[in-house]
Amino acid sequence: MNPHDEHKEGIGGMANPGRYGIERIAYWLMRLTGLGLLGYFIAHIYETSNILRGQVGWDEFLDLTQTTEGHLFLTLVIGMCVFHTVNGIRVMLGHGGIGVGKPARPDYPYLPASQNSQHKIGIYSAIVLAAIAMVYGMAVMFGE
Amino acid sequence: MAQTPSIAEEKTSSAVSSSKSITLRIARFNPQKDSDTSFMEFKVPVEKWTTVLEAILDVKKHFDHSVAVRYSCRQATCGSCGMVINGKPRLACFTKISELNSDTVTVEPMHNFPIIRDLAVRFDRLFNSHHKVKPYLIRDDTDVSSDTKEILQSPEELEQFIQFSNCIKCGLCNSACPTMATDSSFVGPQALAQAYRYVADSRDKGKDNRLKIIDESHGIWRCHFAGSCSQVCPKGVDPAMGIQLLRGYMLGFRS
Amino acid sequence: MLRLPWYTEWLLCLVNKMRESHIMKIHYGTALAAIGLVAVHILMRLTQGFAESLEYESVIENYKFLPYAGLLEIILILLSIHGFNGLRVILLELKQGRIYEKAVSYGCVAAMIGLIAYGSRTIIMVNTGMI
Amino acid sequence: MVSSIEFDLIICGSGLAGLRAAIAAAHKNSKIKIGIVSKLQVMRSHSVSAEGGTAAVLFEDEGDTIESHIYDTVKGSDFLADQDVAERLCMEMPKQVYQLDRWGMPWSRRNDGRIDQRAFGGYSFPRATYASDKVGFFEMQTLYDTCQKYDNIEYLNEWFATSIIHDGKQFMGITAIELSSGTFYTIKGKALIIATGGAGRLYSFSTYALSSTPDGLDMAFRAGMALKDMEFVQFHPTGILPSGILITEGARGEGGYLLNNKGERFMKKYAAGKMELAPRDIVSRSMMTEINEGRGFKHETGVDCMKLDLRHLGDEKIKEKLGGIREISIKFSGIDPAEEILDVRPVCHYMMGGIHTDIDGATELKGVWAAGEAACNSTHGSNRLGANSTSECIVWGKITGELAVDYIEKGIPNNPWPHHLVAAEEKRIYDGIFRGHGDANPYEIRQELTDTMNERAYVYRDEKNLVEGLKKIRQLKEQTWKHVDDKAKEYNTNFTNVMELDSMIRTAEVVLIGAINRKESRGAHARTDYTKRDDANFLHHTLAYYDLKEPIMKTHPVTITKYQPVERKY
Ligand SMILES: Cc1cc2nc3c(=O)[nH]c(=O)nc-3n(C[C@H](O)[C@H](O)[C@H](O)COP(=O)(O)OP(=O)(O)OC[C@H]3O[C@@H](n4cnc5c(N)ncnc54)[C@H](O)[C@@H]3O)c2cc1C
Ligand code: HEM
Ligand code: SF4
Ligand code: F3S
Ligand code: FES
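Residue numbers (our numbering), protein chains in the order written: chain A, 1 to 144; chain B, 1 to 255; chain C, 1 to 131; chain D, 1 to 570.
Treat the hints as calculated values from the structure; they're not laboratory data. The beta-carbon is built from N, C-alpha and C at its ideal position, and this holds for glycine as well. Warning: the hint list may mix true and false statements.
Claimed, not checked - Chain B side only, calculated, beta carbon under 8 Å to chain A, not exhaustive: (1) ALA27; (2) PHE39; (3) VAL44; (4) PRO45; (5) PRO114; (6) ALA181; (7) ALA200; (8) ASP204; (9) GLY206; (10) LYS235; (11) ASP238; (12) GLN244.
Stated by the list, open to error - Derived coverage of chain C by chain B (criterion: at least 3 residues anywhere in the stretch with Cβ under 8 Å from a Cβ of chain B; other residues may be distant): (13) 21-30; (14) 80-94.
Unchecked claim - List of simulated lysine-lysine pairs, PhoX-like, C-alpha gap at most 25 Å: (15) A:LYS8 x B:LYS88; (16) B:LYS205 x D:LYS95; (17) B:LYS207 x B:LYS134.
Starting from the given sequences, assemble the full structure and let the hints guide the process.
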C-alpha cells in the first residue's frame, strides 16, 4: 500500500520531543521504560531460575552479572523503575480526572488547563527522582 | 456626493511601503499521479497581518492556480484549513506569518489523514468517529409541542460543557495525537471530546450509552494523556481534559 | 518446550470477552499493588545488604520462607499481567487489522501465562526443597 | 455515460437552512432518501460565522409581543417586506428556539436558568437569542449533530452543484462534480431544496466566507427561476480592518459606542431614539456621511474608517459575551477591545434578495423550494434586521423540508429523463470552461469584479457609478477568463473557482441593473440622486429572469396586511 494512503505520521511522529513539550517526552519515556522493565523482568525471572542449578550454577550466573556493565545496566533499570512508577502514579491520577483542571469558558489566547503546572511538576519529579535513585544505586553497587 | 474611494486601490498603494517577503514552501502531491511529495517554493509579499492562508491564496491567484487547499470562513470558525505549518498542526487562517518568526514558511497536509491532493486531506474517518459517539442530546422529549418551553439550565451548568462545544472539527488534535500517528482505528481526541461535551450537558441522559460506545479496544483507553491534542487546539477545547474526565466516570472517580 | 497449562484456553476466552475498561482497571490495579510489594521486595534486599542478599544460601533461605515466597509469587503474577498488557497496548496501537490484533491479544496472554508458569516453577521448586 | 446517483430529496447547501430542512424531512418520513449536496464539507458552511443572535419573542411575560416583532421587521424592511411572511417568521420562531434547546444548543442563560436575550439593532425589545457571540456556529453544530440521529440523511461533502435539470414542468435532478475525484454526476431526485446561501463575495470588503459566491442563485436563475430584489445588499456598520471580519452588532447591543474623530457618539444626530442600535442601513449611512464630511479616521492601510469603543464594557463582560470578537480583534488586528478602540467600516454582509419564492418557500418550478439566504420570500424587504436571518433559515428550513416530503409522498409522475440537458450542461462546463483558452487570469478578473462592486454599488449609490459599474462588469465578461489551467481531476478548485466567477458576473449584472432601475432610496438601497422613498412608483419587488443577452426585468407586488407604509424614523 502506498504510504501516503493513510499519511500516518508513524513512530517517528510519536516521539517528536521538540514540538509538544515535556508532556510528549513523558509519554515516550513511559513507553520505553515500560518496555525496558518488561525486558528486565523477563530476564530477572530467568536469572533467578538459575538457582535451580544449585550453588555452582547460581554463582556462575551471578558472576556474569556482577560486572561493571551489569551494574550500569542495573542502574538503568533502577532509573526506569523509579521514573515509570512515579510517572505511572501521575498518569493514573490524570486518567482518573484528577489534576486535569476544571471545565471553564476558555478565553483567548487559549491555555489548556489540562497542560498545567501540577502535571509538569509531576513529570519533572519523576525524572529527578529517577536520577537520584540511579545515583544512589550506583553508590550502593560500586561503593562496595 | 463624495464617493468612497476603492478599498482595493488604497490597499495596493500602501502595501508597497511596508511589505517584506518570505519564501512559502508548499507540499505538492497528487496520489493519483505522483509517487511522492515534492515542495514548490514561492516568494510572497507579506504584511504584519498576512495569514498563512492569505499567502497560499496569493500563490494560487498569481503563480499557480492548481494548489489544492481547503478553506472557507477565513476567521477560524469553519475548521477547513488545518495543515502542518512549520512542523506543527495549525489553522492556516489563524496563523499570521509574522508570528512564525521565520523567513521560510513550510506548509504540508495534516498528518494522520489520507491526502486527497496537496494540502487537502480526507476527513471521512474523523466524521465517522464523531458520528459514532452519538453527538446529540439523548432524551425522550426532544420534540417540541406548542406549549414547550426551554429546559432550565444555569450558567454554571452551561460552563460544564461550553468549552467542549467550541470544537470546529478541524482535526488538528487528531493530527497531533501520538496514538493517531500509528493507530488508524483510534476514535481520536476530537470525537472523545465531543462525547464528553454531551455527557457533561445537564440536559443529556445518554451517559451510559456513550461510555459503552467508547469503551472498546480502540476507544478511550488508547489515549495516554500525551496532551498534544490540547496544545494544538485552536479553540481552547482541551480534549485531553475532556477525555480524562470522561475516563474518570469509567474508573469510578466521578459519577 | 514449554507447555501451556490447561486453564489457558479458558483465560483466553475470558480475555476475549472483557471490556477494555476492565482490562485497564486491572492494569492500574496491578500497578498500584505492585508499587507496595516491589518496595518490600527491594527493601528486603537492601536491609540484608545488597551483595550479601545475593549469596546462594541467603537466596535459598528467602525462598524457603513461605510468606516471602508468596510475596514473590504475587509480584510475579501482578507484574506479568501488567507488563504484558502494557505490551499488548503498545502493539495494538502500532498496527491494526483483525488477525494481527487477535494474534497480539492471544500472544500476550500466552506469554504472560508462560512467564508466570516459568517463574512459579522456580519458586515452588525451591520452596518445596525440590532441588 | 455520465455517472448517476439518486435520492428522493436533494438539499443543495448545508448551512442553517439546508440542515434544518434535512432534519425536518428526515423526521417527517424516515423512509425517504435525503442527500445533502454541499460544495463544502457539510459543517463548514458559511452559517458558522453568524455571531450575534437569533430573533424570537421569548419573554411575553416580561413585556415582549409577537406583534412588536412583526412590526419591527416590517418597519426595518422599509415596508418592502411581505407582511404575511414576516408574521409567519415571528409566530414560528419561539418554538424553534426551544426546539434547538432540546437538540443541545448551548444558549447563553440568565441566572434563573432561562434562555437569555440581548438588544439588537431596530428592535423595540431585547430579543436576539444568543450563545456568547457564536450563535451561528453553535446552531450549525447543533443541527449537524442532530442530523447524525437520522440514518436516511446522506452527506455529499464537497460536491459542487452546477445545474438544475427539469423538463419544463417539474424538477428532475441536478448535476454536480464530486470534488475529491473530479467525477461529473447527475443526481436524480424528486424534490430539491436550494439553500446555497448568500452571495456576499460579490464585494471585496465582505464579512462572508470566501465560499459565499452566487453559484446556487445562478443555478436557479439559469434554470428559469427569478431572482428577486437583488439590488438590496446589506452593509453591516462594523467590519473590522483590515480583514473585513464582522464585529457583531451584539457589541453595540451590549453597550458599545461608535465614535467619530471628534470623539462624539455621532449616532445622536441620525437616530437619537436608538443611537447605535438603529437598523443597519441607517447606521452604515451615518458612518459614511461622517466619513464623507471629514469626521472619519484613516486606518494604517489608508482606508477610511470609524471607531467602535467597547472599553467601558470591561474585560470580564467582553470575555463572557463577546469572546469570539475579542479573539478576532486580538488575532487579526492586534487590538484587545478591552484596552483599545477598534477600527471599523461598513462592510457587505447580507443579500436581502435571492430566488423568488412564495410564503411557503416554493419557487416557480414545481418540486423546487428555496430556503435561507439564497431564497427571497420577502421577509426582510429592503433591509433585514440583525438576528432575523438565522431565524429565517431555521423557520423556512423546517417549512420547506416538510412541504417537500408532502410533495414526494403524493407521488410524482415519472417523466422521461432529459438527457440532452445533461449533455448540454456537460458541454457548457467542460468545453466552455474546463477546456477553454485565454490569457486573462480569472482570479484577477474576480478581484476586479469585486472591487468594482465595492466602488460602484456600496452604501451610497448614484446613476453614474452604477452605470459605470455595469459597463465595467460587461467588459470583464468579454475578457478571456474562461479557462482552467489546472488540468488534474482531483480536488480541482481552480475549476470550481472559474465556475464561481461565471456565476458572479451574471449575478453582479442583476444587482446593478436592479439598482439602476430603482430610482428611489429605500432601506439598504440609498441613492444620492433620488434621496426619498417613492411608494407611488417603487413599492414593488424587482424580478430578474435569465436571458442569453441580458436579464429580463419585471416587478412583483408587495403583500401588505396590517401596516400601511409610513415614514421610517428611529
Ligand atoms: C459574518 C456574518 C455574521 C452573521 N451574523 C448573523 C447573526 O448574528 N444573526 C443572524 O440572524 N444572521 C446573521 N448573519 C446572516 C446569516 O448568517 C446568513 O444569512 C445565514 O447563515 C445563511 O445561511 P444559509 O443556510 O442560507 O446558507 P449558508 O450558510 O451560506 O450556506 C450555503 C451552503 O450552500 C452550499 N453551496 C453553495 N453553492 C453551492 C454549489 N454550487 N453546490 C453545492 N453547494 C453549494 C455551501 O457549501 C453551503 O453549505 C450573518 C452573516 C455573516 C456574513
Ligand atoms: C510498580 C510500579 C508501576 C506503576 C505504578 C506502573 C504504572 C503504569 C501505568 C499507569 C501505565 C499506563 C500508562 C498509560 O496508559 O499511559 C503503565 C504502563 C506500562 N507498564 Fe507499568 N507500572 C509499574 C511497573 C511496571 C513494571 C515493573 C513493568 C514491567 C514488567 C511495567 C510495564 C509496563 C508497560 C510495558 C506499560 C505499557 C507502556 C505504555 O502504555 O506507556 N510497569 N504502567
Ligand atoms: S478539539 Fe480542537 S483541534 Fe480538535 S477538532 Fe476540535 S477544534 Fe480542532
Ligand atoms: S494527544 Fe492523544 S494521547 Fe490523549 S491526551 Fe490527546 S488524545
Ligand atoms: S478557513 Fe475556516 S477555519 Fe480557516
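Against the structure, the hints come out as follows:
About 11 Å separates the beta-carbon of ALA27 of chain B from the nearest beta-carbon of chain A, more than 8 Å, and the hint is not met. Annotation: interface hint on PHE39 of chain B violated; nearest CB of chain A at approximately 15 Å, more than 8 Å. Hint status for VAL44 of chain B relative to chain A: violated, with the closest Cβ pair at about 25 Å, above 8 Å. A least Cβ separation of about 27 Å between PRO45 of chain B and chain A goes past the 8 Å threshold, and the interface hint is therefore violated.
For PRO114 of chain B, the suggested interface contact is upheld, since its CB lies about 5 Å from the closest CB of chain A, less than 8 Å. Taking 8 Å as the C-beta contact cut-off toward chain A, the hint placing ALA181 of chain B at the interface holds, the least distance being around 4 Å. Nearest Cβ of chain A to the Cβ of ALA200 of chain B: about 7 Å, under the 8 Å cut. The hint holds. A hinted interface residue such as ASP204 of chain B counts as satisfied when its beta carbon comes closer than 8 Å to some beta carbon of chain A; here the least separation is about 15 Å, so the hint is violated.
Evaluation of the GLY206 of chain B hint against chain A yields a violated restraint, the C-beta minimum of about 18 Å exceeding 8 Å. Hint status for LYS235 of chain B relative to chain A: holds, with the closest Cβ pair at about 7 Å, below 8 Å. Given the 8 Å rule on beta carbons, the hint for ASP238 of chain B holds: about 4 Å separates it from the nearest Cβ of chain A. Nearest Cβ of chain A to the Cβ of GLN244 of chain B: about 4 Å, under the 8 Å cut. The hint holds.
A stretch counts as covered by a chain when three or more of its residues have a beta carbon under 8 Å from one of that chain; for the region 21-30 of chain C and chain B the count is 5, and the coverage holds. Check on the region 80-94 of chain C: 4 of its residues sit with their Cβ under 8 Å from a Cβ of chain B, so the three-residue criterion for coverage holds. Restraint check for LYS8 of chain A and LYS88 of chain B: satisfied, since their Cα atoms lie roughly 15 Å apart, inside the 25 Å limit. With a C-alpha separation of about 22 Å, the suggested pair LYS205 of chain B and LYS95 of chain D falls inside the 25 Å cut-off, and the hint holds.
The straight-line distance between the Cα atoms of LYS207 of chain B and LYS134 of chain B is roughly 10 Å, inside the 25 Å bound, and the hint therefore holds.
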